[in-house]
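Chemist: Please build the complete structure, drawing on both the sequences and the hints.
If you want the working numbering, it's the position in the sequence shown, counting the first as 1, plus 174.
FYI, nobody ran anything at the bench for these hints, they're computed from the structure.
Using N, Cα and C, we set each Cβ at its ideal position, and we do this for glycine too.
Treat each hint with caution, since some may be false.
Ranges of calculated distance between the beta carbons of each label pair, as one might list FRET restraints [claimed, not checked]: (1) A195 x R224: 20 to 28 Å; (2) N251 x F217: 19 to 27 Å; (3) K241 x N182: 30 to 38 Å; (4) N182 x Y262: 31 to 39 Å; (5) G203 x T249: 34 to 42 Å; (6) Y207 x N247: 36 to 44 Å; (7) D245 x Y207: 26 to 34 Å; (8) V210 x P255: 32 to 40 Å.
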Amino acid sequence: MEYGFADNESDQQRLLYNWAALAEAVVRGTANYLNVPYSPPRFISYTVRRGDSLYSIARNFNTTIDKIKRDNNLTSNTIYPGQQLFIYR
Numbered sequence: 175m176e177y178g179f180a181d182n183e184s185d186q187q188r189l190l191y192n193w194a195a196l197a198e199a200v201v202r203g204t205a206n207y208l209n210v211p212y213s214p215p216r217f218i219s220y221t222v223r224r225g226d227s228l229y230s231i232a233r234n235f236n237t238t239i240d241k242i243k244r245d246n247n248l249t250s251n252t253i254y255p256g257q258q259l260f261i262y263r
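Modeler: Structure follows, in structure tokens:
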């Protein structure tokens with residue numbers, strides 16, 4: 175990454191698939207700086223994007239496909255862009 179924007183495909187993919195970890199690190203750092211207690215959220219809402227799979231989402235959030243399916247009442251591995259999934263911690 176150079177000049178504040180993703181200048182190649184691999185940088186762009188790393189940012190897209192690590193956004194939750196990056197966001198949580200910013201929140202944790204801010205809480206630490208302000209000297210306030212930090213407690214991670216119990217769940218996040220994730221919007222499925224084109225090209226996502228349950229496998230890639232599970233890997234990104236360090237969980238399992240079965241847990242995502244169970245928590246979202248999914249009966250198959252089929253997901254659609256725009257679909258909201260809850261990822262519980």
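Chemist: Each hint: holds or not?
Modeler: Here is how each hint holds up against the structure:
1. A195 x R224: 20 to 28 Å: 21 Å, holds
2. N251 x F217: 19 to 27 Å: 20 Å, holds
3. K241 x N182: 30 to 38 Å: Given about 33 Å between the Cβ atoms, the range holds.
4. N182 x Y262: 31 to 39 Å: 34 Å, holds
5. G203 x T249: 34 to 42 Å: 40 Å, holds
6. Y207 x N247: 36 to 44 Å: Hint holds: Cβ distance 39 Å, inside 36 to 44 Å.
7. D245 x Y207: 26 to 34 Å: With a Cβ separation near 32 Å, D245 and Y207 satisfy 26 to 34 Å, so the hint holds.
8. V210 x P255: 32 to 40 Å: Because 37 Å falls inside the window, the suggested range holds.
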